[in-house]
Structure formats: structure tokens, C-alpha cells
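Here is how the chains run, residue by residue.
Protein chains: 2
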Amino acid sequence: MKNKQNYQDIMDRLVEIGLLLASEKNIQKLLDRIVEEEMNFTKAEGGSLYIRKGNYLNFMVFRNRILENKIPRESILKRIKKSRFEINEKSIAGACVKFDRIISIKDMSKVEEMGFSYDRSIDKELGYETKSLLSIPLKNPEGEIIGVLQLINLPEESFTEEGLRLVRATAAQAAIALSNGLLLDELKKAQLDTIYRLAKVAEFKDRETGDHIMRMSRVSMFIADSLKHDPDFSELILYASPMHDIGKVAIPDHILLKPGKLTENEFEIIKTHTTIGAEILGNAETKLLKVARKIALYHHEKFDGTGYPEGLKGDEIPLEARIVAVADVFDALVSKRPYKAPWPPDEALKYIVSQKGKHFDPEVVNAFVDAYDRIIELYKPPTGSNSSP
Amino acid sequence: MKNKQNYQDIMDRLVEIGLLLASEKNIQKLLDRIVEEEMNFTKAEGGSLYIRKGNYLNFMVFRNRILENKIPRESILKRIKKSRFEINEKSIAGACVKFDRIISIKDMSKVEEMGFSYDRSIDKELGYETKSLLSIPLKNPEGEIIGVLQLINLPEESFTEEGLRLVRATAAQAAIALSNGLLLDELKKAQLDTIYRLAKVAEFKDRETGDHIMRMSRVSMFIADSLKHDPDFSELILYASPMHDIGKVAIPDHILLKPGKLTENEFEIIKTHTTIGAEILGNAETKLLKVARKIALYHHEKFDGTGYPEGLKGDEIPLEARIVAVADVFDALVSKRPYKAPWPPDEALKYIVSQKGKHFDPEVVNAFVDAYDRIIELYKPPTGSNSSP
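The listed protein sequences correspond, in order, to chains D and Z.
Reminder that position 172 of the first sequence reads as 172 in our numbering, one-by-one numbering, no gaps.
Reminder that position 244 of the second sequence reads as 244 in our numbering, one-by-one numbering, no gaps.
Don't take every hint at face value.
Where chains are identical, the list cannot tell them apart; a pair therefore holds if satisfied intra-copy or between any two copies.
[As the list claims (entries may be wrong)] List time: in silico DSSO-like cross-link candidates among lysine-lysine, alpha-carbon distance up to 27 Å:
1. Lys189 to Lys25
2. Lys90 to Lys78
3. Lys287 to Lys139
4. Lys294 to Lys358
5. Lys188 to Lys290
6. Lys188 to Lys287
7. Lys358 to Lys336
8. Lys287 to Lys53
9. Lys188 to Lys294
10. Lys53 to Lys290
11. Lys98 to Lys287
12. Lys358 to Lys302
13. Lys53 to Lys294
Simulated from the structure, these hints should not be mistaken for laboratory data.
Quick caveat, the model's predicted, so the values are computed rather than measured.
Let's have the full structure, built from the sequences with the hints guiding it.
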């Protein structure tokens, strides 16, 4: 009966791991969690995870209970961060992929006899000894190996037939979550890139650089982040905001590209880019397009009610549009335009703050100020060198 | 030892179910498979599945081993297809959602005593008896109920504590797969809708109806389907083809919208919509945009080498562009334009076939002909009534 209870517990635990991992949508957190859960489950002292890219394994996660208590985590990570190696039978993880099987090494002192080369310099440097090791291939549901999980210094029972069976079972749960996470990540990346490119099309006409769209959508996301601390909301803003000016595509060239001052009538036509944008994005069933429509329609409304197209006031303006209004104006101010020099960012910040309660929602301005350090990074010229000293 | 072996088998089976379900990316197939696997696992005679939409349960799958041997499946499905009901404690599935727990009924003759209303008309009509039932909530990893799995006529042991524990475990695996499938589906739907709307923007200028883009992308998908029978390839064509004319956004209005015949010089400018499209979609890392770029660049090439912009011939033209070329011309022919009446579809078909080896790749034309019955459905006016007689 003890045995049965034991198995029931293990089964419950297996299901629990599956659920826990499936709930993590952020890919780096998911990777961390996979290693952590597998370490808990097997009582291993340490674990690491590699993601396969073609014929290479990229190092993604390193955890070690003992070392983390002795040495700051960053200095461990620094030591091994950049490792990426070719898949071949010389390394343990490489062999695990190449031969498509778990490699179990109960006694690491014999690892060279087994034909593997093993770098002991990290152990030596950190005053640690890797005594035993399991290297487990992670396969997607189609059977392709997408990564390798490595566990070190495990209890004896992990190396029994039954122990390995359990490791295999939990690794399968982890691999499903990983495969889903990677798929979702790729799909989202494709979606964002597609949105950027197609949204650029409206700006293409307007002769603005495509960078405006990318930057203002990221500024919007940072503001959203400071305001709500809800990653789903921030992501929605990131994806929906690039489409804010899509309606400009319908504005005739001779008005949109007019170098001089617009007549009142011409300005009325320009204003229609908000309602036309809403039409293009309207009647959608998806959350993304619903939010995109609100932003396109209302990003020129002002908090004090003096904006267009409807002259909405305060909370009548959807929050998403209030956020994008700040990001759009900020990016326009710090950008060079044919008719104006770029403002220094700090001047633009001052202007934004001065418009609290007038053009902009005070709370959104506060969130903008809170996020300013992250925002300003977007406007720094890329540094020439990334190499460490 | 027997017991242990038994549990090991169950655990392996649990992992196997998780993998099997995770591998199914088509949502309707996944739903079918969930019911089938759960029926196999529990040895239930029948099973059904409901998906939750707000406060309603939508009927999605019905399976029954006994009935399927007696009555054609379609006539069973017809009988119950449209059922959708409000979630409340009166129905078994509703109560299962409302009280967030498995409802197990060992003896269905007592179901009314338990306070449920149960429609026996289907049983009577089909000459069947529902004797026992399990109704299991399917929860996403965030703990929200996203559906209900119902199993009927199960063996005694399913109603023991242990039996229910196993059902719960497999249902959790199913729910993870379902939740991932729904998420992926929603994301893809949002992506396709976004692509359609943004791609329409180029056509917006061109005064073509947005329907052109939707129809030609579906025609392209059907051709791809006939040609390769690879759902991933077909889906890629569906998503990438709407962007084929995106470069038109950069063509000045007075040329693009000119009512009369274009001068040679003006036509040279029109031609640049292919290379400009490729520029807009270029330098991407995602498969979708890479394929979209190829299509934008090469959809005006002709199989005999007389097309533009590069005058490529035969296989030099990417397959994706050879497919879209056929779909684009076919849709243009059967559509009304300011300068031409719509062709009858069969005339357009004849023209396409006559261009085998000239404008079009013969194999793509053959695939078009094979898919013609599906394609022609897209051009039928929607029927007035959907109600059954």
C-alpha cells in the first residue's frame, strides 16, 4: 500500500509539474522553472538547460544550490554565460542529442574513460566537484530534440531503472511546455515584425522613418508597464500601438506631404486619419485589433477635452489612447523633422510634464516619468563595442 | 510488484497522452483526439466535449462506440450539432463548471433525484441508454475552466477514488493541450486578421475592395493544398499572400488611380511595386516575412520568362510566387473593375488553363484545376438562409 500511495503522489506531482510549467508564458522564466522543478523532483544539487539551434546547443540556465550559497549568482553566470557549442559526441550534452538518449554518469571521475571530454576548470575555479550527472534530451511532440536538460550530483536512486523512468516522464512534461513556449514566442515575434512592417507603410507615405513606429510602441509599452505592472496589458500596447497612424494612408499626398502651413480645410482632412484608421481596424473580433482601433481613433484626444476627433475628456478617453498620446508626442519631439530640429530628451520630458492635465493624463505622465530611465535607453545611439574589457 | 508495474504503465500512458495531444495543432482534431484518448483510457462507451464561451458551453465533439456502429455519424451529429447552453446548476455539465468539480453519476436513473434535468430524447431517438456519466472540468494552467469533458457508460472502477484520480490526471493533460491549442488558435486568428487589415491599406489606395485580398489568399491556400498536402505550407501561403501588393502604397496616386491607359514610363513606375514591396518586407528573420517578401517580389514573373521585375523563368521563380500569380490573376478576372465586367468563373478557368507554360507553371495550374471546386465556393453569393428545413 505504501508503494501505491507513493506512485499516486508521484503521478499527482507529474501532473502538477505539467500544469505549473504550462502556466509560464515568459520563455526565460519557463526555462528557469523547468530546471528548478526538475531539481526539486530529483533532489539534484544543480541543473542546467541548453536550447538547440541547428547544430549548436546554446546555454540558457545554470542553477546550483551549493554554489549559489557560496558565490554571487552573477559571477557564476558571467563565467559561463556565452557558452554555445557544436553538437557532437565529444561533449555529454552533444552526445545526448546526437544519439537521442539519456546519458547517465554515476561516477564523473570515469567520464574521460567513457570517451567524453569534460571541462573541469569551472569546478576548480568555483571549488566544486561534479560527481554524477544526467543529461536528458528534451523533445517536442513531433519527436525533434529542442534542448538538453542536465542535472548534477543526484541521489543514487535517480540512476535506477525506475529513477530514470521518472526523470524521463517529468522531462517529457517539461519538453511539452518548452515546445509550446518556443512556438508561441516565434509566432509572437513574427506577428510583431509583420505589424511593424505593414504599419510602416502608412509612414512610408508620410516620409517618417520606420524607427518612429518601433520606438513609440516601445515607449508606450514602458509607460503601460509602469502604470499597471501587467505583462499582458503591456504586450497588448506594444502590438496595438504601431497601427495608430494607419489611417494616414488615405490622406491625399498633396496634403500629407505639403511643406508649408496647412489651411483650416486641409487640417480637417488630416484629422480624418483617426476615423479612417478606426474604420480600417474596425469590426474585429480579436482583442489586439479592438485595442488598436481605440488607439487609432483616440490618440489625438486631449485630457482637457480640446483634442479630436470627438473632443473626449479625461477618463472618457480610453487608457490605451492616453498612453500612446504621450509616447507619440515624446517621440515626435525628440525626432528630427524637415520643419524642426530634434529636441534634447530632457527638454521633451519637461514639455510632457508641463502638459499634465492639459494635453495628457497626469497619471500617465507620472508613469512616463517613472519609466523615463528605460525609455531614454531607446534614444541612445548604439555603442560601438559590446565586448567585455 | 504487479501493482507497481501497473502504476508505471499508467504513468507512461499519462506522459504518452500528454505528448500525443500536444502534437495536434489543429483545434478540431485536437478536440476529437482528447475525447478519443480519454475514452480509450477509461474504457468509456462514449464521450463528448464542450468549450466554454463566457457563460455558455458550446458543444464540440460527440463520440460513441456503440451508436457509431448502428447509425451514420452525420445523422448523430446533425441531431446535436447546434447545442449550446447556459452554464447553471440544472445541467450536469453546467454544474460541473459552476461548482468547479467532477460530477460523477454511477446510476443515471437517479439523475433527476440529484437535482439535474436530463434530456433523454436523444437516447430514445437513437435507441440508446446512458447508464453512467462523468463530467470533468477542463482547466487552463491559470485555473480557469475552459471546457467540460463528459464520458458515459464507464466501467465500475472509474468511480472509485483511484479511478477518479486517474481521470483527473489525464484530464489535466488534455486541458493543457486544449489551452495551448486555443491560445495558439487565437493568436493566429489575430495575426491573420491584422495582416488582412494592414494589407488592405495598400489596396485602399488602389480602390480595390478588401475582398480581393481575402479571396486571393484563400485561393492561393487551396492551390498550395492540392499541390503539397502540407498544412504548414498551406497556412504559410494563406498568411503571406495578402501582402503581395503592399508596395503599391508607394506608387503616386496620379499613376495608380489613372483612369486611362498608362504611358510606358508610368508602367515602369507601377512595376516598382514589386521591388518596393520586397523592400518593405525585406531583411526579416521570420519565415512568414521571408515568404511574403518572395511573393511580393516575384508574383508578376511569368513561367516563360516574360514577366517582371527580373524576367525569371520556370523554377527560378519561387513556388510561392508561382502559386500566387495564378490566384491573383484568377481573382482579378472574375472581379468587377472600373474598366471591365467580371468574367464568369468558368471563362476565367479556361483562360488560366490556356496560359499553362506561358504565364503560369503547368503544375500549379493542374493544382488549381484540382482545387477548383473548393475555390469556386469562395465566389458564390452567400445563401440567404442557414436554417434547416
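We went through each hint and held it up to the structure:
Proximity of lysine 189 to lysine 25 under the C-alpha cut-off of 27 Å is found in both arrangements, the shortest distances being 14 Å within a copy and 19 Å between copies. Proximity of lysine 90 and lysine 78 under a CA criterion of 27 Å is satisfied intra-copy only: 24 Å inside one chain copy versus 60 Å between copies. Taking the shortest Cα distances, lysine 287 and lysine 139 sit within 27 Å of each other only across copies (22 Å), while inside one copy they are farther apart (33 Å). Taking the shortest Cα distances, lysine 294 and lysine 358 sit within 27 Å of each other inside one copy (20 Å), while across copies they are farther apart (48 Å).
In this assembly of identical chains, lysine 188 and lysine 290 lie within 27 Å of each other by CA distance both inside one copy and across copies; the values are 18 Å within and 16 Å between. Taking the shortest Cα distances, lysine 188 and lysine 287 sit within 27 Å of each other both inside one copy (14 Å) and across copies (12 Å). In the homo-oligomer, the alpha carbons of lysine 358 and lysine 336 lie at most 27 Å apart inside one protomer (25 Å), although the nearest pairing across protomers, at 50 Å, exceeds that limit. In this assembly of identical chains, lysine 287 and lysine 53 lie within 27 Å of each other by CA distance solely across copies; the values are 15 Å between and 33 Å within a copy.
For the homomeric pair lysine 188 and lysine 294, the shortest alpha-carbon distances inside one copy (21 Å) and between copies (21 Å) are both at most 27 Å. In this assembly of identical chains, lysine 53 and lysine 290 lie within 27 Å of each other by CA distance solely across copies; the values are 18 Å between and 36 Å within a copy. For the homomeric pair lysine 98 and lysine 287, the shortest alpha-carbon distance between copies (26 Å) is at most 27 Å, but the shortest distance inside one copy (43 Å) is not. Taking identical chains as interchangeable, the C-alpha atoms of lysine 358 and lysine 302 lie at most 27 Å apart only when both belong to the same chain, with a minimum of 7 Å there against 58 Å between chains.
In this assembly of identical chains, the alpha carbons of lysine 53 and lysine 294 lie at most 27 Å apart only when taken from different copies (24 Å versus 39 Å within one copy).
Against the hints set out earlier in the document, no violation occurs for any number.
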